[in-house]
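Colleague: As they're listed, the protein sequences go chains A and B.
To convert, count from 1 in the first sequence and add 16; that's the numbering used here.
Once you know that position 14 of the second sequence is 7 in the numbering used here, the rest is easy, because the numbers rise by one and skip nothing.
Keep in mind the hints are simulated off the structure, nothing from the lab.
Just so it is clear, CB atoms sit at the ideal spot from N, CA and C, and this is done for glycine as well.
A portion of the hints provided could be inaccurate.
Said to hold, decoys possible - Which bits of chain B does chain A cover? Going by a derived footprint, with three or more residues having C-beta under 8 Å, they are:
hint	region
1	32 to 38
2	59 to 65
3	72 to 80
What the hints assert, rightly or not - Simulated pairs of lysine to aspartate or glutamate, EDC-like, Cα-Cα distance not exceeding 20 Å:
hint	chain 1	residue 1	chain 2	residue 2
4	B	Lys48	A	Asp200
5	B	Lys48	A	Glu338
6	B	Lys48	A	Glu87
7	B	Lys56	A	Asp316
8	B	Lys48	A	Glu191
9	B	Lys56	A	Glu75
10	B	Lys56	A	Glu191
Said to hold, decoys possible - Which chain A residues face chain B? A few, computed with CB under 8 Å, are given here:
hint	residue
11	Glu75
12	Arg141
13	Gln271
14	Gly276
15	Pro297
16	Pro298
17	Ala310
18	Gln312
19	Glu334
20	Glu338
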Amino acid sequence: MVNDSLNYRPITFPTEAIESFRRELSVLDEVTPFASAPELAERIASLGIAREVGTVNDELARFLFDADCGEPVLRESLHAELVEWNGRIGVHIWSSASPRLEARARWLPELTHPAFSTHPDGTLRGLFVFPALIAKIAALEGVELVLVKSWAMNSIFGGFDPAKAYYQTNFWELENNDSLAFADLVRHGRLAFLGTHDLIAHIAGVRRGDWVLLREQAATVHRAIRTYFESASRPTIASLILPYTIGVVLDDLAQPPTYGSVSHGFMLEALLEELARGRIPPNLPTVLTRFPPAFQAIIDASRTASLDAETARRLVTEMVNEIRTAMVAA
Amino acid sequence: MKLKPSFILTNALILAGSFFQNAPAAVAQNADISKAPTFDPNRASLASIESTWLKIPNSCKAKGFNAEPVAIEHAALSSAVAAVYLT
C-alpha cells in the first residue's frame, strides 16, 4: 500500500503562473519573511534555485561528488525539477551521470528531505530542497528567512541570464549600495533565500550562537554606511566601492565556515575606519576610470588567516589611493 | 533599505543592455535645453570601469561561497530538524 505522504510529484509552473508570482511579489514590502507569505516564498525560492542548477551560477554543484568514483559530478549533468509533496513546493536536484551522490558540504545534508534523498547505504540519490521547511530549520537557530523584492525582481523575474557569470548582478549590487540592504537584513537576524548561494553559503550551518557577534558587526556596518551617505541622494560610483568591499567582507562573515573570522574582522575594521575618514566624498561629481586592483588583494587577504591589522590598513589605504587616482572631474 | 521601483527598473534596464559610453552634454547656445542629452557620471563610470572590473575574479565579488568541499561522515539529523521533516 502506497503511503501518499511519502510520495512527491514533479510539477511545472506555466509562464502565466510565474507572472502571477511576480505580480504578487511586486505589491509586497521590500523585505517579506517566509512566515508572512509561505506559499509565495517557497515558490519563488524554488524557482530561484532551479534556474541556477547546472549553470555557472550553481553554488551547490562543486560540493556534489560521485559516491562511486569520488570525483566531482559534472555541473552539466545536474538537473532540477520542481516538485510538490504534502502541499509543499520544492526542488529535486539530481545528476544524470551519477546515481549515487555524496554531498561534501558539512551542513548540507540537514537541508535535504531525508525520506527522498538517501539510498539505504546513506549516499544520496539527489537533493530534495523544500524552502518552507528550510525556513523552519533556520528559525530553530533564531534566523528568519526572507524574500527581498528588488533582488528577486532582478534575478528570478527576468533580470539577468542565469547562464552568464554574475558580473552583471554584481554591478547592480555596486551601484545600488546593496551592502546596506544586506547589513540591514543581518543586523535584524535575517537572511534572503532566493538561490543556491543563500542555501549553501549562508543557510546551511546557520547557528544561533554565532549570530550574536555577526548581528553586532552588521549593525556597525549599517550605521557606518548610512552615516557616510546621509547627505548623498545619488552617491558616485567611486564612493560606492568602499561600501561594496565592506559588503563582500560582511557576506563572508555571514557564512558559517568564517563566522567570527579574525582576519575578516581586521579587514572590516580597516575598511570602516577608512570610510569614516571620508577621503572619497559621495557627492563629488566625478567619473571613475578604473576599478581598483587592490580590491582583489583586500578580499584575498581577508580570507587569509595570517592577516594582521596593520597589513589590512595598508591594503585599504592602497585601494583608496587607487580610487582617488582614477577619479576625474565630471 | 527600500529601493524605489522606478529607480530599480531604470537601472536594471540600463544594465540589461551593453554598457554605453556617455559624452559630456553638448553645449549648443541655440538648442532647446529640454532636449539636450544629460550626462550621467555614474553611467560613464560603469562604462569606464567595466574592463578592469571583469579582471577581478568572481570569487572576490559578492555572492561567492568561500569554503572548499570536505568529506563528511554521515550523521543523524538532530531531533529538532528531524521533527521539521515530519510536519
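Colleague: Now tell me if each hint is right for this structure.
Modeller: Hints and how they fare:
1. 32 to 38: As far as the region 32 to 38 of chain B goes, the hint holds, because 5 residues have Cβ atoms under 8 Å from chain A.
2. 59 to 65: holds (count 6)
3. 72 to 80: holds (count 6)
4. B:Lys48 <-> A:Asp200: At roughly 30 Å apart (the allowed maximum being 20 Å), A:Asp200 and B:Lys48 break the hint.
5. B:Lys48 <-> A:Glu338: Distance ~16 Å between B:Lys48 and A:Glu338 Cα, so the pair holds.
6. B:Lys48 <-> A:Glu87: With a Cα-Cα distance of about 30 Å, the restraint between B:Lys48 and A:Glu87 is violated, given a limit of 20 Å.
7. B:Lys56 <-> A:Asp316: Distance of about 15 Å is within 20 Å: holds.
8. B:Lys48 <-> A:Glu191: holds, 18 Å
9. B:Lys56 <-> A:Glu75: holds, 9 Å
10. B:Lys56 <-> A:Glu191: Holds. B:Lys56 to A:Glu191 sits at ~15 Å (cutoff 20 Å).
11. Glu75: holds, 5 Å
12. Arg141: Violated, because the Cβ-Cβ distance from A:Arg141 to chain B comes to roughly 14 Å (cut-off 8 Å).
13. Gln271: Holds - the Cβ of A:Gln271 comes within 8 Å of chain B, reaching about 6 Å at its closest.
14. Gly276: violated, 14 Å
15. Pro297: Given a least distance of 13 Å, the restraint on A:Pro297 is violated.
16. Pro298: violated, 11 Å
17. Ala310: Check failed: Cβ of A:Ala310 comes no nearer than 10 Å to chain B, outside 8 Å.
18. Gln312: holds, 5 Å
19. Glu334: violated, 15 Å
20. Glu338: violated, 10 Å
In this structure, the earlier hints numbered 4, 6, 12, 14, 15, 16, 17, 19 and 20 are contradicted, and the remaining ones agree with it.
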